[in-house]
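2 protein chains.
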Amino acid sequence: MSTIKEYIENNKDRFINELVELLKIPSISADSAYKNDMTTMANAIKSSLEKAGCDKVEICETEGYPIVYGEKIIDPKLPTVLVYGHYDVQPPDPLDLWDSAPFEPIIKKTEKHPDGAIFARGACDDKGQLYMHVKALEFMTSNNQLSCNVKFMIEGEEEVGSANLATFVQNNREKLANDVILISDTGMIANDVPSITTGLRGLSYVEVELTGPNRDLHSGLYGGAVANPINILTKMIASLHDDNNHITIPGFYDKVEELSARERAQMAKAPFSLDAYKEALDIDAVYGEKDYSTNERNSIRPTLDVNGIWGGYIGEGAKTVIASKAYAKISMRLVPNQDWEEITQLFKSHFENIAPAGTRVKVTPHHGGQGYVTPIDSVGYKAAAKAYEQTFGKEPIPQRSGGSIPIVSLFEENLKSKTILMGFGLDSDAIHSPNEHFGVWNYLKGIETIPYFYQYFTEMSN
Amino acid sequence: MSTIKEYIENNKDRFINELVELLKIPSISADSAYKNDMTTMANAIKSSLEKAGCDKVEICETEGYPIVYGEKIIDPKLPTVLVYGHYDVQPPDPLDLWDSAPFEPIIKKTEKHPDGAIFARGACDDKGQLYMHVKALEFMTSNNQLSCNVKFMIEGEEEVGSANLATFVQNNREKLANDVILISDTGMIANDVPSITTGLRGLSYVEVELTGPNRDLHSGLYGGAVANPINILTKMIASLHDDNNHITIPGFYDKVEELSARERAQMAKAPFSLDAYKEALDIDAVYGEKDYSTNERNSIRPTLDVNGIWGGYIGEGAKTVIASKAYAKISMRLVPNQDWEEITQLFKSHFENIAPAGTRVKVTPHHGGQGYVTPIDSVGYKAAAKAYEQTFGKEPIPQRSGGSIPIVSLFEENLKSKTILMGFGLDSDAIHSPNEHFGVWNYLKGIETIPYFYQYFTEMSN
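Line order of the protein sequences matches chains A and B.
In case it helps, my numbering puts the first sequence at residues 40 to 501.
In case it helps, my numbering puts the second sequence at residues 40 to 501.
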C-alpha cells in the first residue's frame, strides 16, 4: 500500500494524459452547436468515475444537459462527502487571442508554473480541478484508504447558470444527503500562499435589447432626428454608475453587508502587490468604487459589468447606418444578503424606466445566484485547513472570492450542509479568457491534498 | 423619331429588365470578399454606356476599385454635361431583416409605389438612379435628340468614402472638363412633390478602439476592480452629447452656419407630417437637438451617430467576461463651412482626452467629405427646375438633404462647375437599409425628365 506521494510519482504521466484527453472535448454549454460534445463529455466523466472506484454511476437526464452522479458507500454510519464539479466550459472566443487551439491541449512552462501548465479551455475551470477529485478517489479506493463515503455530482450547465440543477437537487435530497460538500472551482492566492475561499459573490445576468426606429436607417437622412438606439444604449448604460463608480440603481445597495473596520483590516493583510497586479494586466491604473481597495472591490462589493455589447454595422469598412436595435449582456456581482432575483427586478424596472421616448427596451434575465459566506470554525473548514497544512507546509488563508458559484447557497438550503471551496488554480490561470491553463504542480498538489481532507474530516467528525 | 414618352412606353420592360440584371451583381465595396463582383459590375457599366451611344468608354484603374469613364462629344463648341454615379452598394446586412434576397431583385407594389417598386440592394442607391441617365442617353442618341456633349464618370468606392476619386479628378481635369455636373444620388419629397437637393451635409467617419486589461478577464475575479472597456466606452460615447443633445466636442460648432429666421421659416414650408414620420418609423417620439425641428435636425444641423458598436461576448447564451477591447464606428454629419478634416482632428483629440486612466484609446479616421450648398439661380438649377416642371407639371422645391456626397465639393474645387442633384428616390425607399427599393414610376420618370434637362441647359447656356 503506497502513500499518496508515491502513488502520484508512479502515475502522474497517466494523470496528465487522462486530463488532456478530457480537455480535447469542446463541451461548450452556451452554444447549442456543441450538443454532441456535451454528451461525449458526460459519458467520459461517467466512465472515469467507474474506473476510479464508484460502485454506482448514472447519467441523470435533465431538461438541459445531464448531471453525472456517482457514489461509493463504504459504511452508512460513516460521514459522507459530496463532491460537486462541472464538465461544461466557457466559449473559447476570441479565438484569435489563443496562442494554441483551445481544444488541443499543450503543456508549456510559464513564470508562475516552472513545472509546466496545461493550456486548454477548461484546464482549470473546471475539468482539471474536477479531475483531481476523481484521481484522489482512485488512489483511496485502490489503496484501501477511503475513510468515509463519497458522492459525486458533476453538472454540465454551470457556465450557463445551472438552470436545471435546483430541480435535480430538490428532487434528490435523499440521494445527495451528505455531511460536507467539496468543490474545487475557485483559486488560491499563490503556490506558496495556500488559501481557502470562504466567501463568494452572487450573480444576476441579464440581456437588454433597445429598439428605436422599426428598421435600419440612413444616418444622413435620419441622423440627428431620431433616437439612435446605440447612442441611447450607451447613455443608459453609462448612467448606471455615478462619478464615484457607485451603482445608481435605486435600492441596489439596501441589503449590502458593510464590513467592520476590523474585518477590512484583516482582509488587507492578504499579500497583494498593486504594482504586480497592474503589470500583469498591462494597465497604468486600477479603476473602481471610491473608498474601497482593489481586493475589496472584487470581493466584498457588488459590481455591474457589461459582458458584451453589439449593434449596427460591425463588419469591415464603414456603413453610414442608424441601427434599429442595440443589445448588451450585463452582469451584476452581488454580495451576501443581496437577493439576486430582487436585484434582477430592480435592474429591470430601473432600466425600463430610463429608456427615453422614441425607444423601447426589453430586459431578459439570463440567470443568477446568491452570494455565500462559509464559517471558518466548521469541521469541514478545519479538516481542509489541516490537509493544506499537511501538503503545503503552512496554514491556508481564508479568502473572499469575487467569483460566483450560485449553487453553493442552493446546496446549503436544500442539503443543509456546508460547502468547502478547495481551489488549486491561480487568478493568473486565465479562466474564461484566451490561453486558460492549469499548473501541473497545482493539479498534482490537489490530488495529493484531497485524500487528507477525507482522513481528517472523518477523524474530526467523530 | 419618337418622343421620350413614346420611347419609354415602347421600351420600359427592357429598361426594367436591364436594371434587374445589374442589381443581381453584389458589388459591395466595403467587403473585399466581393472583389470579383466589383469587376463584373464595372464591366457591365462599361458595356451599357457603349450600347447607349458613348463613342469612347474606358475602365480607369485606381489604387482601389476602377472608375468607368465614357463620353459622347458631338461638338466641342456645345456645352458639356458630366454625369456622376457609383456602381458600388452598401453591405446588405442585417440579412434576416430582408423580405427577399438583396441580390435577387423582385418587383412588388407598395403603398407609396402603386405601380410597383424594384426591391434589391442598390435599386435606388445608386444603380437605379445611375441607370436612368444611361437610358436617357440611349433615347437621345438613338433619336438624334442629344443637344450637347455628355461625359459619364461612374465610380466604385462611393459607399466607402471615394478614397481614390480625388486623385483621379485632379489628374484628369481636362478629360472631365464640363459646364455642369449632374448627379442622381439623392431623393425627392414625394412623387407629387418634386424637389431638387440644394444642400448636402459633410461627413467625418471614424473608428474607435478602447483597450483596458491586456486580455479578457473573468468578471467575477476582476469585476469592479479594473476599467471595463465596454462600460468606459459607453461613458465616453454618452458624454459626446449633453442633455440638450448638443455635441460636446470643444470647437465642434465654431464654424456652423446659423440660418436666419427667414431661411428657417422658408424651410418650414416644405410639406411634412410629424405624425406620418413617426408612424413610418413606428416611434412614439422624435429625438434630437433642442430648439430645432425634425427637418432642421437632419439637414442644417451637424450630428454625431454611432453606426456600429461591439465588444465582449455577443454569442448565444451568457459569458461572464470583461473584454480586453471595445470598438465603435462613429460618424458625424457636418454642415457647410465645417471642415471635415478639422472636425476629425477635434474628435480625435477630445476622445483621446476623455479616456480615463487604466484604458488606452485609438481613433482611426475612416473617411469624410465637406458639406455643400448649390445656388438656385444657376443655369443648371434653372434648367433642372424647368425639366421637372415639364414632366411633373409643377415646380420643384429646393431642399436641403441630410445626406453627404463628399465628392460634390471636390468637383467644384477641381472642375470649377456646379453640381445639380436630380434625385428621384423617396426617403421611404430604405436605402442603406433592408428591403431597399426604387419605384418603377420614379425610375421611368427620371428617364423621362433627364433629356429635358439637356435640352433646356443647352438652350439657356447660349
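Errors might be hidden in some of the hints.
The list cannot tell twin chains apart, which means a pair is met if one copy fits it or any two copies do.
[To be verified] Pairs of lysine-lysine residues, derived as DSS-like cross-links and limited to a Cα-Cα distance of at most 25 Å, are as follows: (1) Lys95 with Lys214; (2) Lys148 with Lys421; (3) Lys484 with Lys147; (4) Lys433 with Lys274; (5) Lys387 with Lys274; (6) Lys317 with Lys401.
Derived from the structure by calculation, the hints contain no laboratory data.
Note that the structure is predicted; figures quoted are calculated from it, not measured.
Item to check | Copy assignment of Lys387 with Lys274, given that the CA separation must stay at most 25 Å | outcome: Both, since 16 Å and 20 Å are each at most 25 Å.
Checklist entry - For the identical chains here, do Lys148 and Lys421 meet the 25 Å Cα criterion within one copy, between copies, both, or neither? => result For Lys148 and Lys421, the Cα distance exceeds 25 Å both inside one copy (34 Å) and across copies (78 Å).
Checklist entry - Is it within, between, both, or neither for Lys317 and Lys401, if the alpha carbons may be no more than 25 Å apart? => result between (37 Å within a copy, 20 Å between copies)
Checklist entry - Can you tell me if Lys95 and Lys214 fall within 25 Å by alpha carbon in one copy, between copies, both or neither? => result Classified as within: same-chain Cα gap 12 Å, cross-chain 88 Å, threshold 25 Å.
Checklist entry - Is it within, between, both or neither when you check Lys433 against Lys274 at 25 Å Cα-Cα? => result Answer is neither; intra-copy 50 Å and inter-copy 46 Å both fail.
Next on the checklist: As a check of your reading, is Lys484 near Lys147 (CA-CA no more than 25 Å) within one copy, between copies, both or neither?
Outcome noted: Within. Shortest intra-copy distance 18 Å satisfies the 25 Å Cα cut-off; inter-copy 71 Å does not.
Violation of the numbered hints given earlier is confined to hints 2 and 4; the remaining hints are satisfied by the structure.
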